[in-house]
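Undergrad: Now for the letters of each chain:
Protein chains: 2
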Amino acid sequence: MSALLFKNIEKHIQITDEEFEQFSRNFQLRKVKKKDFLLRAGEICRYEAFVTKGCFKVYYLNENGTQQILYFATEDWWATDIDSFTNQIPAILHIEALEDCEILCINKPDKDALFEQLPKVEKLFRIMNQRTLVAFQRRVISSIGKTATERYMEFTAKYPDLENRLTQLQIAAYLGITHEFLNKIKKNISGN
Amino acid sequence: MSALLFKNIEKHIQITDEEFEQFSRNFQLRKVKKKDFLLRAGEICRYEAFVTKGCFKVYYLNENGTQQILYFATEDWWATDIDSFTNQIPAILHIEALEDCEILCINKPDKDALFEQLPKVEKLFRIMNQRTLVAFQRRVISSIGKTATERYMEFTAKYPDLENRLTQLQIAAYLGITHEFLNKIKKNISGN
Numbered sequence: 487m488s489a490l491l492f493k494n495i496e497k498h499i500q501i502t503d504e505e506f507e508q509f510s511r512n513f514q515l516r517k518v519k520k521k522d523f524l525l526r527a528g529e530i531c532r533y534e535a536f537v538t539k540g541c542f543k544v545y546y547l548n549e550n551g552t553q554q555i556l557y558f559a560t561e562d563w564w565a566t567d568i569d570s571f572t573n574q575i576p577a578i579l580h581i582e583a584l585e586d587c588e589i590l591c592i593n594k595p596d597k598d599a600l601f602e603q604l605p606k607v608e609k610l611f612r613i614m615n616q617r618t619l620v621a622f623q624r625r626v627i628s629s630i631g632k633t634a635t636e637r638y639m640e641f642t643a644k645y646p647d648l649e650n651r652l653t654q655l656q657i658a659a660y661l662g663i664t665h666e667f668l669n670k671i672k673k674n675i676s677g678n
Numbered sequence: 487m488s489a490l491l492f493k494n495i496e497k498h499i500q501i502t503d504e505e506f507e508q509f510s511r512n513f514q515l516r517k518v519k520k521k522d523f524l525l526r527a528g529e530i531c532r533y534e535a536f537v538t539k540g541c542f543k544v545y546y547l548n549e550n551g552t553q554q555i556l557y558f559a560t561e562d563w564w565a566t567d568i569d570s571f572t573n574q575i576p577a578i579l580h581i582e583a584l585e586d587c588e589i590l591c592i593n594k595p596d597k598d599a600l601f602e603q604l605p606k607v608e609k610l611f612r613i614m615n616q617r618t619l620v621a622f623q624r625r626v627i628s629s630i631g632k633t634a635t636e637r638y639m640e641f642t643a644k645y646p647d648l649e650n651r652l653t654q655l656q657i658a659a660y661l662g663i664t665h666e667f668l669n670k671i672k673k674n675i676s677g678n
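For the record, the sequence lines run as chains V and A. So the first sequence is numbered by my numbering: it starts at 487 and just counts up by one. So the second sequence is numbered by my numbering: it starts at 487 and just counts up by one.
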């Protein structure tokens, strides 16, 4: 289970087996059933979760009750409401399991303590935050400046293996369009 | 000039005068005239800039030639195309001075070396990246899930002193609406 976490970390920093042992002791394994919530808007986000199995949708529910999916967190991704977790304020995001999931999660006090115990974890999260920033910058630009077709192409590039695990409605909610419009885009792309 | 940078850093980490001296040696002071570009899309973003005077708009030009302003970087903010700077790939953002500006800028090799020389800089940028992530998360949610009025309210909360320094067109380009619609929103809010 934590082999995936080890590989994820090893991409960014050099870490010995002992250090990883110390690192991973702060994580708890949890199983989350399909359709269960890891977080609901209004709650405080207590955990950052590393997904080892399954897929979550991380979304915002607007005042009309429409789901706006920010991102999907699947194997080898992290799921959290960064605003709520960092500032320990009520979340505005929902995190819901789309499949039966397994996660490794760390709470804020343990994460804060980890920075003291293992200073190289600062580098790790500095780099991971940087990568998430790049992803968020791309997401902002997409959502404010790109066409639905461009957004769909970006989705398939970002999540190359995910399309078959999601419904058309979920993909449309990520793209901010109706699923009828998504069908049209897919038809246009395939030239039918 | 660098007193502002010192104060900015001191919010996040404890740093001695000697360490700050070592830190700030990696920054160069630059003046950028109103309407000049710090970065154009297609160039590689060589610098991260800390703004000590003036205001920049950081924007994306969509295929219709419409400016979509991602954020304004004014005194005490950082301006960069994080994707281009981190990965040294062509930028998709333009960074343009809206006023005569002064910045302190650091290039990538110097920033990378700084992490080795002064490990506490890892903590600094981990925390700053985290804060930027929170801001980006809010921006994504606004742009995909909130009404124009809500986005305008968020703008005034985020930039409490900036409205008078910007044109209505610039604010509208940040909100992703026409300036006629912005006028309508402002009239509704003031109850006229």
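Some hints here could point you the wrong way.
Copies of the same chain look alike in the list, so a pair counts if it works inside one copy or between any two.
DSS-like mimics (lysine-lysine), calculated; alpha carbons at most 27 Å apart, straight line [said to hold, decoys possible]:
#: 1; residue 1: K606; residue 2: K493
#: 2; residue 1: K521; residue 2: K497
#: 3; residue 1: K521; residue 2: K632
#: 4; residue 1: K673; residue 2: K519
#: 5; residue 1: K606; residue 2: K672
#: 6; residue 1: K606; residue 2: K673
#: 7; residue 1: K673; residue 2: K594
#: 8; residue 1: K632; residue 2: K493
#: 9; residue 1: K539; residue 2: K521
#: 10; residue 1: K520; residue 2: K670
Because the hints were derived from the structure by calculation, they are not lab data. Everything numeric in this text was worked out from a predicted model, so none of it was measured.
Undergrad: With reference to the structure, classify each hint as holding or not holding.
TA: Structure-based check of all given hints:
{"no.": "1", "hint": "K606 - K493", "result": "both (16 Å within a copy, 25 Å between copies)"}
{"no.": "2", "hint": "K521 - K497", "result": "neither (31 Å within a copy, 41 Å between copies)"}
{"no.": "3", "hint": "K521 - K632", "result": "between (31 Å within a copy, 25 Å between copies)"}
{"no.": "4", "hint": "K673 - K519", "result": "neither (34 Å within a copy, 48 Å between copies)"}
{"no.": "5", "hint": "K606 - K672", "result": "neither (45 Å within a copy, 49 Å between copies)"}
{"no.": "6", "hint": "K606 - K673", "result": "neither (49 Å within a copy, 52 Å between copies)"}
{"no.": "7", "hint": "K673 - K594", "result": "neither (46 Å within a copy, 43 Å between copies)"}
{"no.": "8", "hint": "K632 - K493", "result": "neither (34 Å within a copy, 38 Å between copies)"}
{"no.": "9", "hint": "K539 - K521", "result": "within (14 Å within a copy, 50 Å between copies)"}
{"no.": "10", "hint": "K520 - K670", "result": "neither (30 Å within a copy, 44 Å between copies)"}
In summary, the numbered hints that this structure violates are 2, 4, 5, 6, 7, 8, 10.
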